[in-house]
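Those protein sequence lines, which keep their order, are chains Y and E. Heads up: the first sequence begins at 20 in our numbering, then just goes up one per residue. Heads up: the second sequence begins at 453 in our numbering, then just goes up one per residue.
Fair warning: there could be bad hints in the mix.
Stated by the list, open to error - Not close to chain Y: a few residues of chain E, all C-beta gaps over 10 Å, as computed:
| id | residue |
| --- | --- |
| 1 | Leu472 |
| 2 | Phe487 |
| 3 | Glu492 |
| 4 | Pro527 |
| 5 | Gln531 |
| 6 | Lys550 |
| 7 | Leu555 |
| 8 | Glu556 |
| 9 | Val572 |
| 10 | Lys573 |
| 11 | His576 |
| 12 | Asn581 |
To be verified - Once the Cα atoms are required to be at most 25 Å apart in a straight line, the calculated SDA-like pairs of lysine to any residue come out as:
| id | chain 1 | residue 1 | chain 2 | residue 2 |
| --- | --- | --- | --- | --- |
| 13 | E | Lys514 | Y | Asn113 |
| 14 | Y | Lys295 | Y | Asn284 |
| 15 | E | Lys470 | Y | Glu224 |
| 16 | E | Lys580 | E | Arg546 |
| 17 | E | Lys470 | Y | Leu230 |
| 18 | E | Lys573 | Y | Leu210 |
Hints listed in this document are in silico derivations from the structure and should not be mistaken for laboratory results. Virtual Cβ for every residue (Gly too), placed ideally from N, Cα, C.
Each chain, written out:
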Amino acid sequence: MSKSQLRFWGVRGSYAAPFASHLGVGGNTSCVEIRSGDHLLVCDAGTGIIPLGNELIKQDKIREMLVILTHYHWDHVCGLPFFVPAFLPDWKINFFGPGEDPRVMEQNISSQMQAPYFPVGTETWLAEINYLDPKVDSFEYGPMKIDFSNVHHPGITYGYKIEVNGKTVIYASDNECMFIEKAIQHRANELNKEELELFNEMIHEEHQSELNFFRNADILIHDAQYTPEDYNKKHGWGHSCYIDTINTAIGANVKELYLFHHDPNYDDAAMEAILKHSNEIIKEKGASLICHIAKEGMVIDI
Amino acid sequence: MGNARPTVIGVDNSPSMKKLLERSTENLDIDLTVFASAAEAWSYLQSNIPDLLILNIIMPIKDGLSLLNEIRQLPNHRQTQVIIVSSKDYAQDRILAKELGALEFIAKPMPMSTITDVVVKYTHADLKNDNN
Numbered sequence: 020m021s022k023s024q025l026r027f028w029g030v031r032g033s034y035a036a037p038f039a040s041h042l043g044v045g046g047n048t049s050c051v052e053i054r055s056g057d058h059l060l061v062c063d064a065g066t067g068i069i070p071l072g073n074e075l076i077k078q079d080k081i082r083e084m085l086v087i088l089t090h091y092h093w094d095h096v097c098g099l100p101f102f103v104p105a106f107l108p109d110w111k112i113n114f115f116g117p118g119e120d121p122r123v124m125e126q127n128i129s130s131q132m133q134a135p136y137f138p139v140g141t142e143t144w145l146a147e148i149n150y151l152d153p154k155v156d157s158f159e160y161g162p163m164k165i166d167f168s169n170v171h172h173p174g175i176t177y178g179y180k181i182e183v184n185g186k187t188v189i190y191a192s193d194n195e196c197m198f199i200e201k202a203i204q205h206r207a208n209e210l211n212k213e214e215l216e217l218f219n220e221m222i223h224e225e226h227q228s229e230l231n232f233f234r235n236a237d238i239l240i241h242d243a244q245y246t247p248e249d250y251n252k253k254h255g256w257g258h259s260c261y262i263d264t265i266n267t268a269i270g271a272n273v274k275e276l277y278l279f280h281h282d283p284n285y286d287d288a289a290m291e292a293i294l295k296h297s298n299e300i301i302k303e304k305g306a307s308l309i310c311h312i313a314k315e316g317m318v319i320d321i
Numbered sequence: 453m454g455n456a457r458p459t460v461i462g463v464d465n466s467p468s469m470k471k472l473l474e475r476s477t478e479n480l481d482i483d484l485t486v487f488a489s490a491a492e493a494w495s496y497l498q499s500n501i502p503d504l505l506i507l508n509i510i511m512p513i514k515d516g517l518s519l520l521n522e523i524r525q526l527p528n529h530r531q532t533q534v535i536i537v538s539s540k541d542y543a544q545d546r547i548l549a550k551e552l553g554a555l556e557f558i559a560k561p562m563p564m565s566t567i568t569d570v571v572v573k574y575t576h577a578d579l580k581n582d583n584n
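Build out the structure end to end from the sequences listed, making use of the hints.
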């Protein structure tokens, strides 16, 4: 088997946070590299893809890559206008993401590079650019097999399951887990007994469906943007409270969880407090889950 | 002699939601069929036009909004009445549903009467009589 590694290039959500108080965790937005042999897979293209691109042009062994996008919110695509390999003629960049057909994908990606918001468009990309057919159930890229599923986030948003080197890595950068359970709690007084019973069954179904996608993952990289205090104010924004993320990971028998898509308002001290509390929860539950805060520059052997 | 019963199609992979749709409309004189996936619904919709289509959004393989977008490409479904019933109560999904011609967007959870009322509103269905 080829050597495989995963590296975090951007771990923030919503917007980049290049503040001195945040540098331990990192300030770039979502971008995760998975490399297996000479095959390069990149999950999302937030600002983290910019330093990745600058590293890539220093080597000449790899000249092709696949970028899989969870969705087109700008924190997941805003690095592309500055991604140097896209401007180089000896590169080949493949894209996959939500969309009815490759033209929609192309339009979604190129829209941010239009006047008056950007001085040049994607016509200046000299690399060979391919937009893969989005109407597939799963696909392969070299030794990696990739599945995807709709997740709970505004618009069509994917979570990806990547099988590589006999391991399963799940990337669900943006997902408000246990959403319907909380919606039902908020509106319980509007429902009669029978309705509540049916919706409680629905909670179970939705939860099982979510757990089934994450089940037994070796690595789960999952949205954990909010503290409980912030989640109380931001329920319905499409992101998870880290406690729900941990409970979901435990329920799905995940081996290692990387809390991801950190809120830009949380500095390094706040992130350490989240990790400490996360480990307390795991210990209280007697779970074997290993929990990390995803940090820029972290490299994991797969 | 009488008019044909309105046809209502639901598309939702949740068995509980299927039960809820059935309970919400059991007193209405309609023909209700619930498909558990976009693929099953697509096969039916190739050659049938329901009076009302009720779509969930998050489903395995293909979501309800992608299905709706594909349905609208079919000439005989440009005006098909569509209601979205989903737990995805996000503005972006509501806007997309509206752009795709959905008449209403109902957020789960909702009382069964909400479903009953919306089915009557768009199909003018009668209550079942004792002979039905």
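Hints, verified against the model:
At roughly 5 Å from the closest C-beta of chain Y, the C-beta of Leu472/E falls inside 10 Å, breaking its exclusion from the interface. Every beta carbon of chain Y lies more than 10 Å from that of Phe487/E, the smallest distance being close to 16 Å; the non-interface claim holds. Listed as a non-interface residue, Glu492/E keeps its Cβ farther than 10 Å from every Cβ of chain Y; the least gap is roughly 15 Å. Distance check on Pro527/E: its Cβ is at least 17 Å (rounded) from any Cβ of chain Y, clearing the 10 Å threshold; non-interface status holds.
Every C-beta of chain Y lies more than 10 Å from that of Gln531/E, the closest at about 20 Å, which supports listing it as non-interface. Against chain Y, the non-interface label of Lys550/E holds: every CB pair exceeds 10 Å, the least being about 13 Å. Its beta-carbon lying about 20 Å from the closest one in chain Y, Leu555/E satisfies the requirement of being farther than 10 Å from that chain. The beta carbon of Glu556/E is kept farther than 10 Å from every beta carbon of chain Y, the shortest such distance being approximately 17 Å.
Annotated as non-interface, Val572/E keeps its C-beta farther than 10 Å from every C-beta of chain Y; the closest such distance is 18 Å. Against chain Y, the non-interface label of Lys573/E holds: every CB pair exceeds 10 Å, the least being about 19 Å. The beta carbon of His576/E is kept farther than 10 Å from every beta carbon of chain Y, the shortest such distance being approximately 25 Å. Listed as a non-interface residue, Asn581/E keeps its Cβ farther than 10 Å from every Cβ of chain Y; the least gap is roughly 24 Å.
Taking the CA atoms of Lys514/E and Asn113/Y, the gap is near 22 Å; set against the 25 Å cutoff, the hint holds. Proximity of Lys295/Y to Asn284/Y is assessed by CA-CA distance (about 18 Å); at most 25 Å being required, the pair is judged to hold. Using a Cα cut-off of 25 Å, the hinted pair Lys470/E and Glu224/Y holds, with the two alpha carbons roughly 12 Å apart. Our distance criterion of 25 Å between C-alpha atoms is broken by Lys580/E and Arg546/E, whose separation comes to about 33 Å.
A threshold of 25 Å between alpha carbons decides the hint, and for Lys470/E with Leu230/Y the separation of about 21 Å falls inside it, so the pair holds. A hinted pair counts as satisfied when its Cα atoms are at most 25 Å apart, and Lys573/E with Leu210/Y qualifies at roughly 21 Å.
Taken one by one, the earlier hints fail for this structure at numbers 1 and 16, listed in ascending order.
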